[in-house]
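Q: All chains should be modelled from the sequences, with the hints used to inform the complete structure.
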Amino acid sequence: MNNDEIIQVKDLKKYFKTSLGIVRAVDGISFTIREGETFGLVGESGSGKSTTAFTIMGVYEPTDGEIYFKGSPLPKSVKKRPLSLRKEMQMVFQDPGSSLNPRKRIGQIIELPLRVHRLHVGRERERVKELLEMVGLPVDFINRYPGAIGGGEKQLVAIARALASEPSFIALDEPTSALDVSMQAKIINTLLRIQKELNLTYLFITHNLSLMRNVASRVGIMYLGKMFEVAETSEFFHKPLHPYTKMLLSAIPVITEEEEKIKPKRVISRGEIPSPVNVPSGCYFHPRCIDCMEICKKEDPPMVEVSTGHFVKCHLYT
Amino acid sequence: MSENLLEVKDLYVNYKIYEGILKVLNGVNLTVKKKEKVGLIGESGCGKTTTMKAIMRILPDNALIPNGNIFYKGRDILKMSDDEIQKIRRENISMIFQDPTAALNPVLTVGAQLMDVIKYSTDEELTKREIRELAIKALKDVALPDPERILKNYPIMLSGGMRQRICIAMALISAKELLIADEPGTNLDVTIQDQILRLIGRLVEERGISVILISHALGAVKGLVDKVYVMYAGDIVEMAPTEKLFSDPIHPYTQALFKTVPKLTGGGIPEAIKGRIPDYINPPKGCRFAPRCIHAMPICMKEKPPLKNIEGEREVACFLYE
Numbered sequence: 003m004n005n006d007e008i009i010q011v012k013d014l015k016k017y018f019k020t021s022l023g024i025v026r027a028v029d030g031i032s033f034t035i036r037e038g039e040t041f042g043l044v045g046e047s048g049s050g051k052s053t054t055a056f057t058i059m060g061v062y063e064p065t066d067g068e069i070y071f072k073g074s075p076l077p078k079s080v081k082k083r084p085l086s087l088r089k090e091m092q093m094v095f096q097d098p099g100s101s102l103n104p105r106k107r108i109g110q111i112i113e114l115p116l117r118v119h120r121l122h123v124g125r126e127r128e129r130v131k132e133l134l135e136m137v138g139l140p141v142d143f144i145n146r147y148p149g150a151i152g153g154g155e156k157q158l159v160a161i162a163r164a165l166a167s168e169p170s171f172i173a174l175d176e177p178t179s180a181l182d183v184s185m186q187a188k189i190i191n192t193l194l195r196i197q198k199e200l201n202l203t204y205l206f207i208t209h210n211l212s213l214m215r216n217v218a219s220r221v222g223i224m225y226l227g228k229m230f231e232v233a234e235t236s237e238f239f240h241k242p243l244h245p246y247t248k249m250l251l252s253a254i255p256v257i258t259e260e261e262e263k264i265k266p267k268r269v270i271s272r273g274e275i276p277s278p279v280n281v282p283s284g285c286y287f288h289p290r291c292i293d294c295m296e297i298c299k300k301e302d303p304p305m306v307e308v309s310t311g312h313f314v315k316c317h318l319y320t
Numbered sequence: 012m013s014e015n016l017l018e019v020k021d022l023y024v025n026y027k028i029y030e031g032i033l034k035v036l037n038g039v040n041l042t043v044k045k046k047e048k049v050g051l052i053g054e055s056g057c058g059k060t061t062t063m064k065a066i067m068r069i070l071p072d073n074a075l076i077p078n079g080n081i082f083y084k085g086r087d088i089l090k091m092s093d094d095e096i097q098k099i100r101r102e103n104i105s106m107i108f109q110d111p112t113a114a115l116n117p118v119l120t121v122g123a124q125l126m127d128v129i130k131y132s133t134d135e136e137l138t139k140r141e142i143r144e145l146a147i148k149a150l151k152d153v154a155l156p157d158p159e160r161i162l163k164n165y166p167i168m169l170s171g172g173m174r175q176r177i178c179i180a181m182a183l184i185s186a187k188e189l190l191i192a193d194e195p196g197t198n199l200d201v202t203i204q205d206q207i208l209r210l211i212g213r214l215v216e217e218r219g220i221s222v223i224l225i226s227h228a229l230g231a232v233k234g235l236v237d238k239v240y241v242m243y244a245g246d247i248v249e250m251a252p253t254e255k256l257f258s259d260p261i262h263p264y265t266q267a268l269f270k271t272v273p274k275l276t277g278g279g280i281p282e283a284i285k286g287r288i289p290d291y292i293n294p295p296k297g298c299r300f301a302p303r304c305i306h307a308m309p310i311c312m313k314e315k316p317p318l319k320n321i322e323g324e325r326e327v328a329c330f331l332y333e
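One line per chain: the protein sequences are A and B, in this order.
If you read the first sequence in our numbering, its first letter stands for residue 3, the second for the next number, and so on.
If you read the second sequence in our numbering, its first letter stands for residue 12, the second for the next number, and so on.
Simulated from the structure, these hints should not be mistaken for laboratory data.
The reader is advised that the hints may include incorrect statements.
Heads up, incomplete: computed chain A residues facing chain B, CB under 8 Å, no partners named [what the hints assert, rightly or not]:
1) SER47
2) VAL141
3) VAL183
4) MET185
5) ILE190
6) ASN216
7) SER219
8) PHE239
9) MET249
10) ILE254
11) ILE257
12) ARG268
Heads up, the beta-carbon is just placed ideally off N, CA and C, and yes, glycines get one too.
A: Okay, here's the thing in structure tokens:
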């Protein structure tokens, strides 16, 4: 294992018991995240992206599999992780409206991690102001309540709170999907600037592939709890291999002719992601796949490395 | 083709709230011709949905319309009696809402809701059997498999994409002339959104009706509509044929907006437009975009630029083109 791998996920599984049966939200995925990079995770809703992030963060205990952080295995539950480890890993959630306590002032919200981790003792207020400046918010926000600021600003507060404990890794779960493009641009640029300044590693989850193209260094695509393809970002967008990746790329609404050109030839989107309780046999994608073969209905394809760093899970490439 | 089906003229809408009066629509002008497909884009809070709700006359009680007309085939919707507008909503204009889950009644079956719409969409007395057959046909038209079963299902038993298809089926029954689609795929996955948009495009074409497609996903309208209106803070700032608008936007807001959209070709994300959407209680006096505009001139702070026709087929509200 390389030293620069900050997170290593090995055959991770997370099942949920429901009244309808077992949901295999994450079903045996493996990937690594290198230090200082942004690893992007894409997929349709219900593909297991968020569950993966929550399991890495320890919110959910994995059903099976291992997660390594800087080379050592992570205790499964966040409760068993020492404070020093929790300090290193932070998360920003999709809906800033519900991830900030509406009854606390923004100053108090950002200050809490400082108190928990005993950082900047005696100068917490000043540190909160520095954090607000770091994310580009006015320092007088310190006395405001979350209800008094806009959605994008709330998300910047959530980012400042995540930065407060001085982590080395942040999981960003659809941080801009509830926001407009111009606010999105502001938040993404803030995140990228801070990443460079502090040498942070991001796990970036989004269903917006155009956004992913511009933020991630490597991309993994998930479908029904399985990883279908992992590649360097430029390779992923210029040489997509999996039929599902091609379908997704082809469905993206774009605004310029140059973008139209790099989209795979029209692959008509068809079908919907099946119920995770009642998954198809063989390859989970076969009922929607235009290249479906006999073997796809029976056997789940293995993940193979087609070229250096480009992994795909499809019978077309085995 | 040249006949205007719908003409919104100088429409103002205010909302009365505890803190004061929100002056949201600031003189909106837009026209929809027969069989025309029109896009309306802009960021959330710019008044897209308010404009559409005014057309349907379904604005909330605290909304005031101090000025403006909405002509539908030459008659002002705002001056119609309740019976008249109801008849139009039953037979001529219909709307698809962004969130299909909220648009459907959770305690009634899809069949009960759909058949109700069919029953009231015509003055003819239909038998139960005829209504049922029309309901099945409506579901088949939106490419839903096994319509007989779906009629018996409750909305919760169906996926988001299927629910949106049902809303489209319902809207199309009443939209004999104009369909308003308010962000029809926004909450859905990109592959499902793609399917929904293509479906709407096909059905509108087949039936020869007009459509207004609202979206803040700019690319979503591109493949579907003939012309696009761009809205900013209650103003129409620009209108152009679709290809022209996307290849050569001329209003500074449209230009800035297009720049902030992440491109599939990469290259990073340019800086966001500085500033924020104005406060609707005290909106800027002149052009509402002026405080954020890189080309702002002294006149922009004082006067509201009128929407002017240029090059024959496009309109822009900006003093740069005076």
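Q: Hint by hint, which ones does this structure get wrong, listed from lowest number up?
A: 2, 7, 12
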